[in-house]
Amino acid sequence: MEGLLTVNNVWMMICTGLVFFMHLGFAFLEIGLTRQKNTINILFKNIFIITMGLLLYCLLGFNLMYPGEFNGFIGFAGFGLSSPLVDGSLDLAYSEGYTYWTDFLFQGMFAATAATIVSGAVAERMKLSAFMIFVIIYVGLVYPIAGSWKWGGGFLDEMGFYDFAGSTLVHSVGGWAALVAIWLLGARIGKFKDGKIGVFPGHSMPFATAGVLILWLGWFGFNGGSVLSADPELTSLTLVTTCLAAAAGGVASFIFSTMMYKNYDITMFLNGILGGLVGITAGADQMSPTDAVLIGAIAGVIIVLGVALIDKLRLDDPVGAVAVHLICGIWGTLAVGIFGNLASFDQFITQLIGVGCYAAICIVGAFLIFYILKVTIGIRVSKVEETEGLDQHEHGMDAYADFGLRQH
Amino acid sequence: MEGLLTVNNVWMMICTGLVFFMHLGFAFLEIGLTRQKNTINILFKNIFIITMGLLLYCLLGFNLMYPGEFNGFIGFAGFGLSSPLVDGSLDLAYSEGYTYWTDFLFQGMFAATAATIVSGAVAERMKLSAFMIFVIIYVGLVYPIAGSWKWGGGFLDEMGFYDFAGSTLVHSVGGWAALVAIWLLGARIGKFKDGKIGVFPGHSMPFATAGVLILWLGWFGFNGGSVLSADPELTSLTLVTTCLAAAAGGVASFIFSTMMYKNYDITMFLNGILGGLVGITAGADQMSPTDAVLIGAIAGVIIVLGVALIDKLRLDDPVGAVAVHLICGIWGTLAVGIFGNLASFDQFITQLIGVGCYAAICIVGAFLIFYILKVTIGIRVSKVEETEGLDQHEHGMDAYADFGLRQH
Amino acid sequence: MEGLLTVNNVWMMICTGLVFFMHLGFAFLEIGLTRQKNTINILFKNIFIITMGLLLYCLLGFNLMYPGEFNGFIGFAGFGLSSPLVDGSLDLAYSEGYTYWTDFLFQGMFAATAATIVSGAVAERMKLSAFMIFVIIYVGLVYPIAGSWKWGGGFLDEMGFYDFAGSTLVHSVGGWAALVAIWLLGARIGKFKDGKIGVFPGHSMPFATAGVLILWLGWFGFNGGSVLSADPELTSLTLVTTCLAAAAGGVASFIFSTMMYKNYDITMFLNGILGGLVGITAGADQMSPTDAVLIGAIAGVIIVLGVALIDKLRLDDPVGAVAVHLICGIWGTLAVGIFGNLASFDQFITQLIGVGCYAAICIVGAFLIFYILKVTIGIRVSKVEETEGLDQHEHGMDAYADFGLRQH
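Residue numbers (this note's numbering), protein chains in the order written: chain V, 1 to 408; chain D, 1 to 408; chain X, 1 to 408.
There may be inaccurate statements among the hints.
The list cannot tell twin chains apart, which means a pair is met if one copy fits it or any two copies do.
[Claimed, not checked] Below, simulated DSS-like cross-link-like pairs (lysine-lysine); rule was C-alpha separation at most 30 Å, straight line:
1. K312 - K196
2. K196 - K383
3. K262 - K374
4. K383 - K193
5. K193 - K312
Keep in mind the hints are simulated off the structure, nothing from the lab.
Using the sequences and the accompanying hints, generate a full structural model.
Here it is in structure tokens:
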């Protein structure tokens, strides 16, 4: 029915816009939680990711991720986009949920997200040129190939692995690369000194909070659009589970961190919301409201413990990206085997295998890219650049030219 | 027809997202109009409200507000949500306008709004713990019970009271609590001193302005979604009246305040826009464009007078919440009896009765909560905390760690 | 079919909301690229534009722009709006794509955009009162009359001139006025001194970046809504070409400016994105993905050259509005004759004629308004006001009251 395709496609286009908007959310969150002297650098990385990411996804990513019939591990349907217009009229056979163009754009907006996660983790010390090369390879090749294993109909899809909207395929894929990157990159100067953990307060809590609220809004599209149609029951259930998990994640993280640190820590509250969102993403269409609250609440607790764990491992993750996207991404993927419609021991094992496969490709892929960059052009800025800020050295500008700065 | 439900539901989900986004609008507006030293505190309250509000509305609010058959004053359909799935397939009998899930989520986003209004009024001096307890009781119990009187099919609905999208049910419900709160709480140190009114300039006009524009956008969903379907004539007429009232409110407030104070005051312009929006909300689907312009313009003038009145009463409302949400909420509710399709003397009297009933439950409810909190755990921070800022004392952080501050 | 009208209308209402949201994007972009001392002034202008613009468009603009049958040059269907309700029921004959109300509101949101473009160009030195009078005349009369020539079915429409979403009708119309304004207004104090070009760094790169990302999102509605229905193929193709042109514009501008200036300049990257968006706007529904990438990439290069050209002409355009909206607007309009479905020599000539006609009416109209204002009330603030900032002198306030400022 043409009318139904029209509705479905409207919903998918809106979701595409919402996922696009998440890039502002990520940018705000990342600058908010870091120091003002590196603000332009982070903004620059984020607009690079979304622009270059879309071009790459158009050039080859889409056809790597959805190669059609393939061997289940890697396939490629050719460069560029091809219109599926049948004699100039609408191709109803392509899908009932969206047109070819919407399909491409929705998936293209997802593609760039994985790289954004890394952007936050490596903030304040990574060389811009090296980061840009990483983005080109990771978004252009690793993400779509990994994605094809499940969403492209590859071997993990055959096995019954379930990842509704990308707890693993997007968030963990970004999270593994973030983990590899901060390990190879080392901590910021002064972060771990004489056995103590240095505190580098973020320079704008309003931007950090706005970032999280924008990301939550974006998740309406991220999860809601992953239904791949406007099916009323599935889309609306998905929005309910998504929002309840976000709420539960935030509240749980707030309560747990207040108990541990005797302090109303807004960054924990914010990351708890994100943890809940990442956690529900793998099974947002399969959970009851109660399941969603539980998954989110556990994610909120995981965030508090995860951030402490990363610190204990002497890894420096300025925005908590590994705890939010990797650890909660794994949690959400496994939760599909524990809660909701698909819960079973077999499913849990399958989910575990899926997590393992993505760990393998992402760790290997990210390590190769970062390691080769490290031994060739280098991945870390000089000490002077780091101390004085990347904005001045890489961009020749101040993010806030008119404001006086505080001495720390 | 399944296709029409799908369209309607898409519209309602989008409106849900837009109402959710209003929480960023409120947060930006409130921090923009207050001092930087209390920024984190306000942001924290706002994310607490939306997260805890959703959980409470899921646990009991939804079933208190829409109890089904009840005595018209109070009813409860039980804890938690229940899926209306009929044998796993779509329940077309639930509504033609939206699914059960969308219904819950749209109303849940509304619920938290009332508390947000209070957040702005009590800013810069209220104890966070006391505020959080207030939110839990007011959003969890008072708002949904009061709401059931009209939207749940209660006695005011029977009487013919009309409140399309909540000039009274949302904005005045928040506004009355704000009024009670600032009366019990007292003014900020230095606000009224030696017969003079102290001026505490807001610390970020960009955030304040962004807040208002985001709220305006959110009102597309707040009013547009209150049609409870995507009916083309009603939804689009509603958007037109909403936008014209906002525009007229802003322009009227700007002209009137410029005449009174010989100054282009941006905060009056902004609050005038909000006043117009609150004013049109009760009858947005019943007005012609001309009615909307008149209602909005009057609301804009009311704002200027209302803010001056609150000051004259020695009440301290940092963001103008009482003038915007309470006074313009009452104005909008009464305007349904004066302008548009429903205008009649009888309707005006009915509207007046409705306003009175909500005044009663909200004043009593809010007074009981705040008074008990005041005599038990206390509702006001210490003088030192207030002077040095709630961010340092309640949250142990600065909102803008890297910036130098100006001495006032 | 009523269902299809409902879907189409939902899409058009969403697009209307997105175009409205562009006003926050413009406001953020303009304040971000200018100095903090003029922030309130710019915000004030932007909220004046959207509120007064909507009221004017309701009063006369809509009926000037869409006069129905007319002589092709100027027509007027009468003051105010008139409901097309046929005996209280839905008028399916009005359009299958939207209701009368949606039609008005969507076009009304467009109307204000042209003036916003001027706001950025004249920032930091134009008298507020003069600017407001300009807005009233330009948005109230010039924009809708010029618009009627094409979108109202006027003589340029008859000739076959093509401008899908307003590269010329919106962006150049704003751009020509911006050019005239900055020529009559003169440069800011210190901009061109002793043969050197002064650099006035913008005061907030986060706001500038957020502005561009919000504008990009808004363009989903600006171009997507210009299909005037939710036609799945056309709307989704339009979103794809829009996003690819934005991405290509940004990347091209970044690469080209990095080669020229050996510096990762974020403002060039941002303006490149906008240039790509403006460039694709005239033919977004007529291009293939490859065409879109080429049009965007060329726009990105044009931005870098255009900004340099404006400087060389000793014109002072603080935000690059002329390069972005005028030059790329012309480029995009001509590109319809070079790329895509309509490409032909005849079409190119027609496009050129259209560009010329709009140049004529806009230059003449803007010149008359600004010149009369200049010789009567004056268009420029005093030297003291300009040096100390318009916020203090016109608004009696600081945009950031709590922050310490840096001495330049």
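Identical-chain pair category, K312 with K196, by Cα at 30 Å = So K312 and K196 pass the 30 Å test inside one copy only (10 Å; across, 54 Å).
Measure nothing new, just compare the shortest in-copy and cross-copy C-alpha distances for K196 and K383 to 30 Å and report within, between, both or neither.
-> This pair counts as within: shortest intra-copy Cα distance 20 Å, inter-copy 34 Å.
From the Cα coordinates, with 30 Å as the cut-off, is the pair K193 and K312 best called within, between, both, or neither?
-> Answer is within; shortest intra-copy Cα gap is 13 Å, inter-copy 52 Å.
Could you place K383 and K193 in one of the four classes (within, between, both, neither) given a Cα distance threshold of 30 Å?
-> This pair counts as within: shortest intra-copy Cα distance 16 Å, inter-copy 37 Å.
Which holds for K262 with K374 at a C-alpha limit of 30 Å: within a copy, between copies, both or neither?
-> So K262 and K374 pass the 30 Å test across copies only (23 Å; inside, 41 Å).
When the structure is compared with the earlier hints, no violation turns up for any of them.
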